[in-house]
Amino acid sequence: ETGVTQSPTHLIKTRGQQVTLRCSSQSGHNTVSWYQQALGQGPQFIFQYYREEENGRGNFPPRFSGLQFPNYSSELNVNALELDDSALYLCASSLGALNTEAFFGQGTRLTVV
Amino acid sequence: QKEVEQDPGPLSVPEGAIVSLNCTYSNSAFQYFMWYRQYSRKGPELLMYTYSSGNKEDGRFTAQVDKSSKYISLFIRDSQPSDSATYLCAMSPDNYGQNFVFGPGTRLSVLP
Chain E
1247 ETGVTQSPTH LIKTRGQQVT LRCSSQSGHN TVSWYQQALG QGPQFIFQYY REEENGRGNF
1307 PPRFSGLQFP NYSSELNVNA LELDDSALYL CASSLGALNT EAFFGQGTRL TVV
Chain H
154 QKEVEQDPGP LSVPEGAIVS LNCTYSNSAF QYFMWYRQYS RKGPELLMYT YSSGNKEDGR
214 FTAQVDKSSK YISLFIRDSQ PSDSATYLCA MSPDNYGQNF VFGPGTRLSV LP
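Taken in sequence, the protein lines are chains E and H. Counting in our numbering, the final residue of the first sequence is number 1359, and the numbers go up one at a time with none missing. Counting in our numbering, the final residue of the second sequence is number 265, and the numbers go up one at a time with none missing.
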């Protein structure tokens, strides 16, 4: 196990609703990255938080937003859910922003109906 | 053309076989090349990474990068049923998150 935990593991929401996903980073890590993995696809970078500041964003609309807390845990918020938002949402934590040092959580499976 | 392409499989091999997994890419700026293993209902786990060209070996796993052909490979020797998973390649021009591009993954089944 990586020490990165995500909650909840599964979630079903209705189109138009809002959702908050949570990630607890591995002890000692100060960076959290969020990814969206659609079925049969590789993960796509949403954004990264480094020491509570956004440190890079992928090609996702503003209704995808996030936060990082002083203990370096993080939230991903998605407003006005669309059917295409159905996916596995992964967070990865690291000490610093290096990809090769990042560990992934098990993900939250979001289904939008 | 997608930036990173990978045969989705599924690929089925008998236990003990040598497995070859491959990715092609179009962005010549990529310098970091990673291979991840993802078990069902789990997050990806980094197996190994290579910077620039060349080979890297770690136990039963060997990663190869051919930048002239824009082609990377992961070889698994003496494959085991526990190697059954989806293998994702990923690459980046630097080592930072926002430039990180994953392939769609190849599903591998190793049959006892």
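Heads up, a few of these hints could be off.
[What the hints assert, rightly or not] Taking lysine to aspartate or glutamate and the EDC-like style, the derived pairs with C-alpha atoms no more than 20 Å apart in a straight line are:
#, chain 1, residue 1, chain 2, residue 2
1, H, Lys195, E, Glu1298
2, H, Lys155, H, Glu168
3, H, Lys195, E, Glu1347
4, H, Lys209, E, Glu1299
5, H, Lys209, H, Asp236
6, H, Lys209, H, Asp247
7, H, Lys220, H, Asp247
8, H, Lys220, H, Glu210
9, H, Lys155, H, Asp219
In case anyone wonders, no lab produced these hints; they're calculated from the structure.
Here is what the structure says about each hint:
Between Lys195 of chain H and Glu1298 of chain E the alpha-carbon distance is near 26 Å, which puts this suggested pair outside the 20 Å criterion. Pair hint Lys155 of chain H plus Glu168 of chain H does not hold up; C-alpha atoms about 32 Å apart against a cutoff of 20 Å. With a CA separation close to 18 Å, the supplied pair Lys195 of chain H and Glu1347 of chain E stays within the 20 Å bound. At most 20 Å may separate the alpha-carbon atoms for a hinted pair to count; Lys209 of chain H and Glu1299 of chain E exceed this at roughly 35 Å.
As the CA atoms of Lys209 of chain H and Asp236 of chain H are separated by approximately 19 Å, the hinted pair is consistent with the 20 Å bound. Among the hinted pairs, Lys209 of chain H with Asp247 of chain H is consistent with the structure: their alpha-carbon atoms are about 19 Å apart, no more than 20 Å. Between the alpha carbons of Lys220 of chain H and Asp247 of chain H the distance comes to roughly 15 Å, so the proposed pair stays at or under 20 Å and holds. Between Lys220 of chain H and Glu210 of chain H the CA atoms are separated by roughly 18 Å; this keeps the pair inside 20 Å, and the hint holds.
Taken as a hint, the Lys155 of chain H and Asp219 of chain H pair is honoured in the structure, with Cα atoms around 18 Å apart against an allowance of 20 Å.
The structure is inconsistent with the numbered hints 1, 2, 4, although it conforms to all the rest.
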